[in-house]
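2 protein chains.
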Amino acid sequence: MKTVYFVTGNMGKVKEAKALGKEFNIEIQQIEYEYPELQSDDLDIIAKYGAECASRALNKAVIVEDAGLFISALREFPGPYSAYVFKTIGNEGILQLMANQKDRRADFKSAVGYCEPGGEAIIFTGTVRGEIAHETRGEHGFGYDPIFLYDDRTFGELGIGGKNKVSHRYKALKKFVEWIGTKDI
Amino acid sequence: MKTVYFVTGNMGKVKEAKALGKEFNIEIQQIEYEYPELQSDDLDIIAKYGAECASRALNKAVIVEDAGLFISALREFPGPYSAYVFKTIGNEGILQLMANQKDRRADFKSAVGYCEPGGEAIIFTGTVRGEIAHETRGEHGFGYDPIFLYDDRTFGELGIGGKNKVSHRYKALKKFVEWIGTKDI
Chain C
1 MKTVYFVTGN MGKVKEAKAL GKEFNIEIQQ IEYEYPELQS DDLDIIAKYG AECASRALNK
61 AVIVEDAGLF ISALREFPGP YSAYVFKTIG NEGILQLMAN QKDRRADFKS AVGYCEPGGE
121 AIIFTGTVRG EIAHETRGEH GFGYDPIFLY DDRTFGELGI GGKNKVSHRY KALKKFVEWI
181 GTKDI
Chain S
1 MKTVYFVTGN MGKVKEAKAL GKEFNIEIQQ IEYEYPELQS DDLDIIAKYG AECASRALNK
61 AVIVEDAGLF ISALREFPGP YSAYVFKTIG NEGILQLMAN QKDRRADFKS AVGYCEPGGE
121 AIIFTGTVRG EIAHETRGEH GFGYDPIFLY DDRTFGELGI GGKNKVSHRY KALKKFVEWI
181 GTKDI
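Protein chains in written order, with our numbering: chain C, 1 to 185; chain S, 1 to 185.
Treat identical chains as interchangeable: a pair holds within one or across any two.
As a list, the in silico DMTMM-like pairs of lysine to aspartate or glutamate whose alpha-carbon atoms are at most 20 Å apart: (1) LYS87 x ASP103; (2) LYS87 x ASP41; (3) LYS60 x GLU34; (4) LYS102 x GLU92; (5) LYS102 x GLU135; (6) LYS165 x ASP151; (7) LYS13 x GLU23; (8) LYS87 x GLU76; (9) LYS165 x ASP107; (10) LYS183 x GLU120; (11) LYS60 x GLU32; (12) LYS165 x GLU139; (13) LYS174 x ASP107; (14) LYS2 x GLU27.
These are calculated hints, taken from the structure and not from any lab test.
With the hints as extra help, turn the sequences into a complete structure.
If you want it as structure tokens, here you go:
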């Protein structure tokens with residue numbers, strides 16, 4: 001069985017990746033390591049740099065994952081800085097900024113970067129389209145899940161099982177495990 | 001005369017640094033080079049990493065500068081991501097988020113990182129305290145200047161001359177040129 005190290009401190013992400021990996025005969029193991037995260041408008045660039053730094057430092061084949069919420073009416077805010085924005089102004093701040101906006105469209109995006117020591121990273125992406133709700137709804141998930149509407153329910157209402165089948169992160173990780181499954185490592 | 005390279009694409013910053021350098025017999029020269037900017041809550045960490053990468057890549061003694069607006073009532077938003085936030089939600093978005101806030105306090109912060117090839121960066125910081133105005137005022141400056149109140153006038157009203165004497169960036173650069181003036185390089 002092939003082994004790939006997932007560099008993250010987020011156990012939720014690891015759980016999801018492990019389950020997916022199993023279907024494709026890939027073992028996903030977690031490593032905690034603080035790789036440098038770049039500032040960039042583009043998640044691909046952030047994941048690429050992070051994966052290359054982490055695989056060089058750890059001398060292992062690794063994946064890293066970066067994600068963000070991109071709201072059309074706010075010109076892609078909060079985008080790559082979703083974590084900091086959530087920590088500071090939170091869902092309340094987003095709802096305030098969206099109060100008078102008719103265009104509610106938003107994308108959750110994920111980029112998974114895979115890199116072998118000394119190599120160049122390969123990027124796998126996933127996007128889910130939804131809308132920003134008018135108020136928080138649901139108790140599941142984390143971050144922006146309670147304000148991200150997908151088919152009339154928020155990710156906060158969908159629950160982990162429902163969300164994981166359609167999520168940006170699931171789509172990106174699925175592309176990765178499908179690809180690595182066919183690769184001779 | 002000592003020469004230090006300022007790695008930036010911003011001619012305004014270069015002009016300010018050159019004028020300051022002259023007073024201390026330091027020649028500041030601009031270099032354009034895209035060094036990696038980290039994601040971090042802490043400007044010092046961003047400036048340190050950037051200065052070390054740039055000085056290594058260019059094989060020169062360099063400075064880089066990073067700045068941000070930290071609003072108390074918004075838990076330090078937009079902070080290190082001020083440029084992206086300005087580009088997306090802008091001053092209009094900030095005023096909207098601050099509409100019902102009584103606590104208007106905000107800090108403009110700057111971190112200058114100096115590094116010699118192969119060395120570790122040294123950081124010089126500057127802060128200016130002000131308040132967020134209730135509307136944009138003034139035609140000078142750039143970015144958040146028209147909403148940053150300092151002594152009853154916004155940085156947008158103060159004009160470059162007035163702003164530069166009190167600004168976060170001026171304070172950080174001044175510490176740097178004073179220090180480098182005494183150093184044997």
